[in-house]
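Given chain P, put chain C in place with the hints provided.
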Amino acid sequence: MCTDHLRGGGDIENAETNRYISEDVDQRFILLDFARVPLTCKITVDVRMKTSERIIELLLFLSAATAVLIVALIIIFLLKEGLLVLVKVGIVDFCLGMKWNPIAIAGEPSYGIFPMIVASFYVAIGSLIIAVPLGLACAVFLAEIAPSWARSILKHAIELLVGIPSVILGFVGLVLLVPFIRDHFGGWGFSILAGSIILAIMALPRIISISDDAIRSVPREYKEASLALGATHWHTIRKVILPSARSGIVAAVILAMATSIGETMAVLMVVGNTPILPAPIYDILDPVRPMTSNILLEMSYATGDHASALFATGIVLFIVVAVLNVISHTALKSKMGTRR
Amino acid sequence: MTSLIPPATSDRAAKVMLWVSASIAMLTLLFILGYIVVQGLPVLTLSFLLESPRLSGAEGGILPAIVGTFCLLLVTLLSAVPIGIGAAIYLAEYAPEGVVTRIISFGVECLAGIPSIVIGLFGYAFLVIYLGFGFSILSGGLALMFMILPWVVRVSEESLKAVPGGLREGSLALGATKWQTVSRVVLPSAIPGITTGVILGIGKAIGETAVIMFTAGSSLLMPTSLFDPVRALPYHLYILASEGISDKMAYGSSVVLLVMVLVMNLAAVAIQRHYGRHHVRN
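As they're listed, the protein sequences go chains P and C.
All residue numbers for the first sequence refer to my numbering, where the first residue is 1 and numbers rise by one.
All residue numbers for the second sequence refer to my numbering, where the first residue is 341 and numbers rise by one.
So here's chain P without its partners, still in its complex pose:
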């Protein structure tokens, strides 16, 4: 009958259950014993499920399917609105076009978002350059050397930092960071540098908490073996613990990059928003306009092809972020795979 479904419990219990079955007691009692079976396992004994139970399960299934439905609708609507321009201009010309001039007074409007794609990556990578070393150091600190009081303070601080709305960070950047950069480094103040710093502050907690988890999940024996061989604690961290936690850390970094590219408000308020490449390209004091800012700034008055071009920007943004997320998840999964 159903004995092959018995996965849970020890052998003795299984044997006992089998005995019940063989004694041919009332079916319902057998069922009770099967309640030991993990619930994910379908019990195929003939039970007449009540209609109400069926309806409830259906409702639960529908709410679970909502998330998929929303994702599908998002893709459909982005395509519906954005494809117009993507087809008209051509995907390649749209992504690699240098000129964004949606409201041409004379002549044809042009929709090229290459400078914005570059800007999105530029600002995000800039934020990683700041946040990764700092975040990793904090994670190592948390996992390895922090006394418990420091750990609890820092942990709470990180939770707080996650909670600060991005518009507030943008505002602080606007009133403090932008003038500071203008006065001390020159330029306009609204710049790649300002955007990167603000994004770094936002990325920090994410990098810290995922890396902290990754470091803590390195088997204790690795560390003990290394220490027993006479390595110092720091040497152990650098040569044993960090390499073992590498995939988790990589996942954290890529995830942080995805969120940075998708971040809107904080960047928008400090980055200057001129839709051209910085000149020269390495000038981090130049203002740029990431894809997110482009959508947000122009959506309120865009119509026709212009609006469609903004949706198309959304499509590109969506794809970039989705790809990064998938890479990050794969990195995390492979970590899970190699352990145990």
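Since the hints were derived computationally from the structure, they do not count as laboratory data.
Backbone N, C-alpha and C fix where the C-beta goes; we use that ideal spot for every residue, glycine too.
Be careful, since some hints might not be right.
[Claimed, not checked] Computed spacing ranges between beta-carbons, pair by pair:
1) P:D305 with C:L471: 39 to 45 angstroms
2) C:K588 with P:W149: 34 to 40 angstroms
3) P:G230 with C:R524: 56 to 62 angstroms
4) C:F446 with P:P179: 27 to 33 angstroms
5) C:R524 with P:S152: 34 to 40 angstroms
6) C:R613 with P:E221: 32 to 38 angstroms
7) P:E221 with C:L471: 55 to 61 angstroms
8) P:K333 with C:D587: 32 to 38 angstroms
[As the list claims (entries may be wrong)] Straight-line Cα separation of at most 27 angstroms, DSSO-like style, residue types lysine-lysine; simulated pairs:
9) P:K155 with C:K355
10) P:K155 with P:K239
11) C:K501 with P:K155
12) C:K355 with P:K239
13) C:K501 with P:K333
14) C:K501 with P:K223
15) C:K501 with P:K50
[Said to hold, decoys possible] Here's a subset of chain C near chain P, in silico, CB distances under 10 angstroms, partners left out:
16) S350
17) D351
18) A354
19) L358
20) I429
21) F446
22) E449
23) G460
24) A465
25) P528
26) T549
27) S582
28) A590
Chain C alone, transformed into the frame defined by chain P:
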């Protein structure tokens, strides 16, 4: 290693660096919070909280924005909680192993990764235009729901899975049906974890701006129905700051916004402490 620096010294130096890094992170946070609070507290008066803005926000208060934020959150809460918990129950208790379940989990992950501005765009095209909700509390609240739904699902699912199997078995053994078991036994023991997750989700929604910009409108009038546009507090703050209307008012709004988020976070921490079993990770 052929380093010239003795191991003990480098060990020491490295540890100092780690302490310094952690301090930098802490100080950055304290500085930001401290700056906002110091600048914003003097602005916080009863009239600031209870008056309507005048001169597009340069004077007066922020009451409509606060009310607007609460209305949006109410819609978000009322839609995200049933759907989110329902989805979590399905995933944790019912879902058979298989393609469908994997697609659902993948959908939840996907939704979590979608940038807020894209959700805003979608909300505009779908809720505002296609469904004809217009710029309204309903559109804004639902768009925020899209954003926090994966969060609510994930946290609730984790809390449900953390309920010991013995409870389910006991209930089933007493002859309860699956739904009776889930609703009367499993769900109550997972409630603290779920509540924490929902509160943190709402905390995220409070500060979200890009999502509501094209969905909730920017009216500074008091809303009278679900279909009225509102300007939520973070959007108000954005307009005050970016259009240079009034830094003073912007600081005040920041403090109010910050306090709302902190209250949510503290409530979540308090619940977690009180029941202290299930840790919710950010």
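* Has the given pair, K501 of chain C with K223 of chain P, been kept, meaning a C-alpha gap of at most 27 angstroms? -> Roughly 31 angstroms between the alpha carbons, so the hint for K501 of chain C and K223 of chain P is violated.
* Would you settle whether the hint for E449 of chain C is holds or violated, based on the nearest Cβ-Cβ distance to chain P being less than 10 angstroms? => Status holds, d = 7 angstroms.
* Please work out if K501 of chain C and K155 of chain P have their alpha carbons no farther apart than 27 angstroms. => The hint holds at about 24 angstroms.
* Given the range 34 to 40 angstroms, decide if the beta-carbon distance of R524 of chain C to S152 of chain P lies inside it. => 36 angstroms Cβ-Cβ, so the 34 to 40 angstroms window holds.
* Pairwise hint evaluation, K355 of chain C against K155 of chain P, where the allowed Cα distance is 27 angstroms at most -> holds, 19 angstroms
* **Range hint 39 to 45 angstroms (beta carbons of D305 of chain P and L471 of chain C) holds or violated** => Check failed, 24 angstroms falls outside 39 to 45 angstroms.
* Under the criterion that the straight-line Cα-Cα distance not exceed 27 angstroms, is the pair K155 of chain P, K239 of chain P satisfied? -> holds, 25 angstroms
* Does A354 of chain C pass the interface hint, meaning its C-beta sits closer than 10 angstroms to a C-beta of chain P? -> holds, 4 angstroms
* Asked: Is the distance from the Cβ of K588 of chain C to the Cβ of W149 of chain P consistent with 34 to 40 angstroms?
  -> This hint holds: roughly 38 angstroms between Cβ atoms.
* Asked: Do the Cβ positions of R613 of chain C and E221 of chain P conform to the proposed distance bound of 32 to 38 angstroms?
  -> holds, 33 angstroms
* To do: Report holds or violated for the interface hint on T549 of chain C, using the least CB-CB distance to chain P and a cut-off of 10 angstroms.
  => holds, 5 angstroms
* **Pair hint outcome, K355 of chain C versus K239 of chain P [Cα-Cα no greater than 27 angstroms]** => holds, 15 angstroms
Hints 1, 4, 8, 14 and 25 from the earlier list are contradicted by this structure; the remaining hints agree with it.
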